[in-house]
Amino acid sequence: MRFSHEYRDGALGRGLAAELPALVAPGRTYKLMEVCGGHTHAIYRYGIQELLPDGVELVHGPGCPVCVLPMGRVDDAITLAREQDVILACFGDMMRVPGSLGTLLEAKALGADVRMVYSPLDALRIARENPGRQVVFFAIGFETTAPSTALTLRRARDEGIANFSCLCSHVLIEPPLRALLDSPDLTLDGFVGPGHVATVVGAGAFGFIPRDYAKPVVVSGFEPLDVLQSIRMLLAQLASGRCEVEIQYTRVVTWEGNPRALAAMEEVFELREHFEWRGLGSLPRSALRVSEAYSAHDAERRFALPGVQIADPRECQCGEVLRGVIKPWECRVFGTACTPERAIGACMVSPEGACAAYYSYGRHAREPEVV
Amino acid sequence: MGSPDTLSDEVDARAGRCVTCSDAASWMRVVDVDDARALARCVDDEGRHETVDTGVVGGVRTGDSLLVHAGAALQRRTSGDASRRTE
Numbered sequence: 001m002r003f004s005h006e007y008r009d010g011a012l013g014r015g016l017a018a019e020l021p022a023l024v025a026p027g028r029t030y031k032l033m034e035v036c037g038g039h040t041h042a043i044y045r046y047g048i049q050e051l052l053p054d055g056v057e058l059v060h061g062p063g064c065p066v067c068v069l070p071m072g073r074v075d076d077a078i079t080l081a082r083e084q085d086v087i088l089a090c091f092g093d094m095m096r097v098p099g100s101l102g103t104l105l106e107a108k109a110l111g112a113d114v115r116m117v118y119s120p121l122d123a124l125r126i127a128r129e130n131p132g133r134q135v136v137f138f139a140i141g142f143e144t145t146a147p148s149t150a151l152t153l154r155r156a157r158d159e160g161i162a163n164f165s166c167l168c169s170h171v172l173i174e175p176p177l178r179a180l181l182d183s184p185d186l187t188l189d190g191f192v193g194p195g196h197v198a199t200v201v202g203a204g205a206f207g208f209i210p211r212d213y214a215k216p217v218v219v220s221g222f223e224p225l226d227v228l229q230s231i232r233m234l235l236a237q238l239a240s241g242r243c244e245v246e247i248q249y250t251r252v253v254t255w256e257g258n259p260r261a262l263a264a265m266e267e268v269f270e271l272r273e274h275f276e277w278r279g280l281g282s283l284p285r286s287a288l289r290v291s292e293a294y295s296a297h298d299a300e301r302r303f304a305l306p307g308v309q310i311a312d313p314r315e316c317q318c319g320e321v322l323r324g325v326i327k328p329w330e331c332r333v334f335g336t337a338c339t340p341e342r343a344i345g346a347c348m349v350s351p352e353g354a355c356a357a358y359y360s361y362g363r364h365a366r367e368p369e370v371v
Numbered sequence: 372m373g374s375p376d377t378l379s380d381e382v383d384a385r386a387g388r389c390v391t392c393s394d395a396a397s398w399m400r401v402v403d404v405d406d407a408r409a410l411a412r413c414v415d416d417e418g419r420h421e422t423v424d425t426g427v428v429g430g431v432r433t434g435d436s437l438l439v440h441a442g443a444a445l446q447r448r449t450s451g452d453a454s455r456r457t458e
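Chains as they are written, first to last, in the working numbering: chain C, 1 to 371; chain G, 372 to 458.
Note that these hints are calculated values from the structure, not bench results.
Ideal Cβ placement from N, Cα and C applies to all residues, glycine included.
Check each hint, because a few of them may be wrong.
Unchecked claim - Here are the computed distance ranges between Cβ atoms for each label pair:
{"id": "1", "chain 1": "G", "residue 1": "Ala407", "chain 2": "C", "residue 2": "Gly102", "range": "37 to 45 angstroms"}
{"id": "2", "chain 1": "C", "residue 1": "Pro26", "chain 2": "G", "residue 2": "Gly418", "range": "21 to 29 angstroms"}
{"id": "3", "chain 1": "C", "residue 1": "Ala296", "chain 2": "G", "residue 2": "Gly429", "range": "23 to 31 angstroms"}
{"id": "4", "chain 1": "C", "residue 1": "Leu110", "chain 2": "G", "residue 2": "Asp403", "range": "34 to 42 angstroms"}
Said to hold, decoys possible - Facing chain C, from chain G, some residues (calculated, C-beta under 10 angstroms):
{"id": "5", "residue": "Val404"}
{"id": "6", "residue": "Val423"}
{"id": "7", "residue": "Gly426"}
Said to hold, decoys possible - Residues on chain C that point at chain G, a partial pick, calculated with CB under 8 angstroms:
{"id": "8", "residue": "Tyr118"}
{"id": "9", "residue": "Leu121"}
{"id": "10", "residue": "Thr145"}
{"id": "11", "residue": "Val200"}
{"id": "12", "residue": "Gly204"}
{"id": "13", "residue": "Arg260"}
Assemble the whole structure, with the sequences as input and the hints as a guide.
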């Protein structure tokens, strides 16, 4: 029971696509941003872009937390693993992201104890099994992932697991969206909103977009029919002059979100005054740190970290890709110096990064699977 | 419930799957519940087992479906919900 196969029906997809031209004004262009990397992959895997009428363009947003993490933060994690003799546990996505000191995978090859996990619970298990070692979980992700870290830190405190801490790099979705909407070099007509972030924060959390920026939002699921229907709903709003938040992903998302998850985050984390984002610069109150109440499990308080800001490689244009200013293939190193096997930028490293999606499903790979 | 802390040993089978950045979550069926520790043993459609933190959903019962992201359940469907969906 995956609640997914029924949302991949090709006939329904073609039917939905056939309704789109009637919603598009002749000669007008529409730029719609899909916020999540998961949406980007669905779009290319299932050939959704090819089903859209002329003039409707999809722009890829900053919803990949691996892609937006700055190099300095990766260096902090590498330094912890190399110099502090800790077991550093992280998601597999992070292992190949380059910092100025290399990658965590390279650090592991050189002897650092870096372990890939699929959840913070896995990292906590490692801490239980290694009471004589310090175990640090490198926590990344938006509001979808932060509750899992919060619950695990609460569990570590309640169970008295003193050798477990967290290098918290959780980020929030609203600040980068505001930064994009405030950017003079980007014009957008609407947003395909992040479905699973909204499971936690609620669709109502995106009300600032129509209210402050007069852009419609449709919170979307991740199957091809979800994305197509969301695009249809956005175009219908634009055609009728409406501008509001709608939920396409009603089987999962509510207006209020998950209050227990929000309460756990509130208890365990606090807002950082500033946080550096790749491609977007320093954004105020855009990320979380471990709260004072959980300071015993905060790696930033327990260990000396470089905390140095590192400029992205000059040839890399991840920042412009993340802001939707250029398409991945317009980057000067896309597919040549920068490939998934030897990535320069994080957008190519992360499987859900826009560049990796283009590389896998577009210019360098098999024909897209059209629904 | 057996030993919930050993239930994620099949992670290697999922190597390469992006946990966080796709905003990905998947539905898993509950096969065992440890209410006291707010944990559930779950299985996905491909037979992979995982221990899931149920701290923010609550009231989990065997047979329920959980929307799981990074080892935590974000939403719950009861087996009754699923039956109604297929009617």
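A quick look at each hint next to the structure:
no.	hint	result
1	G:Ala407 <-> C:Gly102: 37 to 45 angstroms	holds, 43 angstroms
2	C:Pro26 <-> G:Gly418: 21 to 29 angstroms	violated, 51 angstroms
3	C:Ala296 <-> G:Gly429: 23 to 31 angstroms	holds, 27 angstroms
4	C:Leu110 <-> G:Asp403: 34 to 42 angstroms	holds, 41 angstroms
5	Val404	violated, 16 angstroms
6	Val423	holds, 8 angstroms
7	Gly426	holds, 4 angstroms
8	Tyr118	holds, 5 angstroms
9	Leu121	holds, 5 angstroms
10	Thr145	holds, 5 angstroms
11	Val200	holds, 6 angstroms
12	Gly204	violated, 16 angstroms
13	Arg260	holds, 4 angstroms
Checked against the numbered hints above, the structure violates hints 2, 5 and 12; every other hint is satisfied.
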